[in-house]
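Put chain B on the given structure of chain A with help from the hints.
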Amino acid sequence: MAEPVTSRTVSLEVNGEQIEYDVPTRRLLVHFLRDDLGLTGTHIGCDTGNCGACTVHVDGEAVKSCMLLAVQADGTKVSTVEGLAADGELTALQQAFNEHHALQCGYCTPGMLMSATALLARNPHPTEEDVRYGLQGNICRCTGYVNIVEAVVATGGKG
Amino acid sequence: MMTTVTEQARTLEKGFVGQSIPRKEDNRLVQGQGTFFDDVRRHGMGYVHFVRSPYAHAKIVSIDVSKALELEGVYGTITGDEVAIHTDPFFEMSVEPGGNIKDYALAVGRVRHMGEPVAAVCAATRELARDAAELIEVEYDELAVLVDAQEALKDEVVLHDDAGSNVVWSGVFDWGDVDAALAEADHVVKIDKLHFHRFSSTPLECAGALVEYDKGTGEWTLTCNHQMPGVGAIWMAPALRTGIDKLRFVTHDIGGGFGNKICLHPQYVVLCLMARKLGRPVQWTEWRTDQHTANAHGNERWFLDVEVGVMKDGTMTGFKVKALDDCGAFPRYEPLGCIIWAQVTPGMYGWRNIRVDFTQVCTNKSPVSPNRGYSRMQHLWLTERIIDIVAGELGLDPVEIRKKNYVKTEQMPYETPNGCVYDSGDYSAALDIALELIDAGSIEERRKDAAARGKLLGLGIGSTLDSGTNNFGQSTLLNPELQFSGNNEAASVKLDIFGEVVVTLGTVPQGQGHETTAAQVVADILGCSPDQVNVRRGHDTWFNSHAGFSGTYASQFAFTGLGAVKGAAELVRDEMIQLAAAVLQAPPEAIELSEGFARIKDGPPEAALPFMALGAIVNANNAFLPPEFNPTLNHRYVCRPYFGMVDTEKKTGQLTLTYATQIHAAVVEIDPDTGEVDVVDYAAVDDCGVRINPQIVEGQVHGATAHAIGAALHEDFVYDEAGTLLTANFYDYHVPHAMDMPPLRTGAMESPSPVAPLGAKGMGEGGGGGIHCICSAIQDALRPAGGAIVYDSCNPAHRVWSMLQDPESTRANVSVASK
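Chain order of the listed sequences is A and B.
Just so we're aligned: the first sequence equals residues 1 to 159 in the numbering used here.
Just so we're aligned: the second sequence equals residues 1 to 819 in the numbering used here.
Treat the hints with care, as some may be off.
To be verified - From the structure, some residues in chain A lie toward chain B, with a derived Cβ separation under 8 Å: (1) A53; (2) Q94; (3) L135.
Stated by the list, open to error - The calculated label-pair distances, taken between Cβ atoms and stated as ranges, are: (4) B/D313 - A/H125: 50 to 58 Å; (5) B/G486 - A/K158: 37 to 45 Å; (6) B/Q411 - A/G88: 41 to 49 Å; (7) B/E721 - A/G49: 25 to 33 Å; (8) B/D531 - A/D22: 40 to 48 Å.
Stated by the list, open to error - Covered stretches of chain A (in silico footprint by chain B; criterion: 3 or more residues with CB under 8 Å from a CB of chain B, positions within the stretch not fixed): (9) 8-16; (10) 143-149.
Calculated directly from the structure, the hints in this document are not laboratory data.
C-beta atoms are modelled at their ideal positions from N, C-alpha and C, and glycine is treated no differently.
So here's chain A without its partners, still in its complex pose (with noise of 0.2 Å):
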């Protein structure tokens, strides 16, 4: 019988880079992310896929990724919170945020602004019901959401 196999080189681009990596089968996508390629804005608040705190965009769908191996990434587009403001830049959506008080320890804030991005791009106007429908994948523990609605309709708004 064959050796198992334990580690396989993916092939991706992260926000924008196209990377090679040699990763074991089973490491999940937030810890490739995080402690592979360091880009440690992608936060872990559960064990359990319910908290959305991992939240990135693969081929420009939300998709938490403490629910995704990394070898099951091979192939895709994955950005996260880094790749918002690569051009150093903040989003309307990252602005928004600062201006209504959207985040107290910001630990939540990258998988609220990966869901809240991609909710805005397939519905850029959305209504305060809208928005909570499409947050409803992300704990914050801080904020009671209401100033994290807010921003994400003013953004809307504003568009």
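Just chain B now, with coordinates in the frame of chain A:
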């Protein structure tokens, strides 16, 4: 607009204090450039995983780590036996019997709650550490399990043989003459049993640390998220048989704390031992399930045999209660919860006669730890339950009975029966704002409308105090031998060589925006912009900016934290003025600091020195300064509030200094077929004195409200009879999501504190106002459907449904004896 702010604020002097300037922290945090402890790496570091008990109560027969050590990439292990050899048990705060409990960093010989760490393993990767933990073989011999506090009192099963009893602490607090008050009362309302449940604020970032040991100096550096390092070090250093100077705590950004990151000393001691044993940096990040099973629950409390005296006109004269607190398997920060509630003994009411017979016991559940609203929340929930139950039983209006019995604004400052001083506030006015915000006037109309849709609608009020700035001397009311009293916090401010204003805090922010508010205070004192003020992130023991009680807890940053910042900034300001006066050859009174310059008031434009010049003179170009004038432009200030001593005989004293008010009001709709509760309208009014940054204050109100709504409706740490936690992660422990939160309306008042340095009161805990008002609203909604009495602080659909099916069993809990 989702948020309505009703301003009743005094006119603030123009300055940065009082303005909602955008937070300085946000720029890094919205870009994923924050640094949380788990983001920090060291060369050659190992990852630690804890082996945890699957049983709630068992003897440890044997632990075999040999298979784990054979695995390639495993660096080493530690077991309870090694901990017992290399460390001493943690210091216990209680008198006997609780004081005899031996609490080590790992289980020694016996486990007392599910999830208790019994061994630790360190390996090259996170995955490998987990694999290795699976290979550690632990043989247990199960023991009988205690999950019920009232059973624990019987001592048939005893958790700690050294204590010989499950009782940690017990004592009677008796102020005024409650027997006479009850005898004279026109009505005595009796409530047999109320239960405040277990939950916690579950910060999104779990606990952890990266620990390095320096063999040459014997020093440990903990890059961590401990929120109270001053006290953490007091626990850890003696256990590690070292000096407090050998422990360097460093925090960066912290992903929420809410009190749940205060009792991390057991795990941290294991990490210290591991780092020393292996001679390499070691890192541990708690898993979510581990946080829920074995870190920090809020205190669970029973209130038994409550008796309340009420006069015909609705005046309440006194009450007595037996409180039974369940602290789980180890006391840790306890028994402080047995006294912290006394900061708010009469709640917001004028009761002068109160007796509380308080007992705390251990059970086979997770240890507790301070949790937002710590211990006062439980007690305030009791006072609010009393008010609503009395109102319901005697046919009194819940608003009127509150207003009649509230401490009045003209009585402020008001001394409570146990010697605490409520510094300022206008509770009736705050209640009026809350009622207006939820349009209470239309409630009967809305009740009818809901009834037409088959729903039960109710209005509830939660009056609550957020007491801030602990007097640690209250610990001596539990144990007169303890050598703690007062409180303190430190900060440093300096003007650096190129004119940089640098502030170092002793506090340990976890999202409260200290960098922003400290910069606002300093900017006003030094005459510059908050953008020019660099407030260093987090806490670092090496900066000498901390004091013995340093940390962020107990609603005190606005008092002690900013008090220290203010004090240090004023020392620097005074020197800047003296220096400018010397250079510009003008009297100091003629100098003003403004817009980043020290200049002569109304003088010519050239009679001005930029901060850069002042910083450069002192730090790099000082030969011309006369020997008798030696400014440093670098000052540390310790804010030490004055409390006086507590009276351990009468159990009285100033237990805390500021009292922020929060009045919450909610409208709920209940589906009688399912018991599902929908919060349809909600308002929270906060009065924390001067608001340094109103937007940050409002954010704290939002957050505390979300915690309370979650706790009141679904967050519950439920144990089965075997002591297994049934809600061990976010699947089963449902915290509010965006869809769960009702629209929140907020209102604000400002009753400046006469005792606080900036008139600002500590705030952010909110005292569980949301729990009180939702319980109140549910009871109101159930009135036409059997009139059940809400007896538990958590009311998920199944409990409400049961109350609808069998209201009588809840009503049997309450009786009234009238003259």
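* Checking against the hints above, which ones are violated? -> When the structure is compared with the hints, numbers 5, 6 and 9 turn out to be violated.
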